[in-house]
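Q: Sequence:
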Amino acid sequence: MNNIANKINSIFLRKYKDENINRFDNILASGNLQSLKYYTKGGALLLIYIMIVRSMLLNYTLINIVPFLIGICILLAVDFCTKRALKNGKNLLTYSKILTTTFSVTFVGLAIFYDTIVQRNDISVLLCAALLITGAIFDSYPTDTLLFLILTFTVALVGEAYLAPTEIFWRDLFNCSIMFLASFYISVTKLNKKIYILIKEEKEQEKMVKEAKTQVILNQLKPHFLYNTLSTIRILYRKDPEKADEAMDNFSNYLRSNIDTGLSKNYIIFFEEIKNVKYYLDLEKLRFGKKLNIEYDIKEMNFYLPVLTLQPIVENAVKHGVGNKKGGGTIKISTFSDGDNVVLEVKDNGVGFEYNKSELENDDKKSHIGISSVTERIEIMVGGTVNIKSEVNVGTTVTITIPKKIDEAKIDEYIGIR
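Residue numbers (the working numbering): 86 to 503.
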């Protein structure tokens, strides 16, 4: 069945036959659920309005009230479940199919009931409107839309074949057929446009992430840092060859982690990132000696973050924090759990600075390294946040908040970057 569905979908989405559009499933599902929050409220108000108008025009009878009350209750239940599904964030695709179908069936069911059973001698205006609207308001794959339309179309016309006069039946058959085709056309066109927009946004994000990664790598490999490190190791070979060998190992590991990891990976597990940062800090301690103190308070290790996230923050703390403070200072790296998030904090008691976000956004022209690049990648790649607090002569704290659960497909391979 899946193969047949995929073949049918590929016919109507042939512009994207070379694309793996299934990667957008969760995005489409989330969008449908977000839309459903508004549709359910608007739908409930619409049913209340129709119920009042029908009751005023056709008397306050149970048949003009009870079905609408049932429909309103169903929509309120769908609204409640939609909010819970979005808050939970799991199985969005399944919830989206169930809840959008329930919403659509509620409206089409009421239309069939009143047009086919209650007012069998009139043309099915409500049914035509329901078919057109419910088939086109959600971003659904062609097979899902087609299946829904065929089932509702069949149920409605079978009912009318038995209950409605012949003349009415043929008119409704023609009208519903037009609405069927129009609804399907709108649905397919809408989905094609949505996928086009998603691919375009994806490529823009890809470009931004690549530029941010390249900038971070270049910042990590500034010539003056390489020169100072090599000079320090050269001097160390005269005084302590064994320690110099250890420093050279750290230096080679530092280069490998920055270049190889930075270019080949998009995400890295935290214990690998902190290991790479330790290579850097060991090299800096050769220069600063006792002026540079490092403390660790690591309570969370098993989480993913964009590669080269922590090191630029730590490098700023060294070069522009404790490195500029007379007598040096301490840098503390901490991680801890905070609900559904992991918090990564880098705190120093260095010289601090007057924090100005707009200036740091142009950090390629400023002295602070890669702050905007890190912020950009954290926001785009994991939906996290970066918060900076600094006070002159007190120190700086950079707090990074990252969701514990990141899309596994993104971790395996960030979309667009091969």
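Honestly, the hints are just simulated from the structure, not real lab data.
There may be inaccurate statements among the hints.
As the list claims (entries may be wrong) - Under the rule of at most 27 Å between Cα atoms (straight-line distance), these lysine-lysine pairs were calculated in the DSSO-like manner:
1) K432 - K474
2) K417 - K432
3) K474 - K410
4) K432 - K285
5) K384 - K490
6) K489 - K172
7) K489 - K360
8) K328 - K285
9) K489 - K122
10) K376 - K328
Treat the numbers as computed from the prediction; the structure is a model and nothing was measured.
Q: Taking each numbered hint in turn, which are not upheld by the structure, reported in ascending numerical order?
A: The structure breaks hints 4 and 8; every other hint is satisfied.
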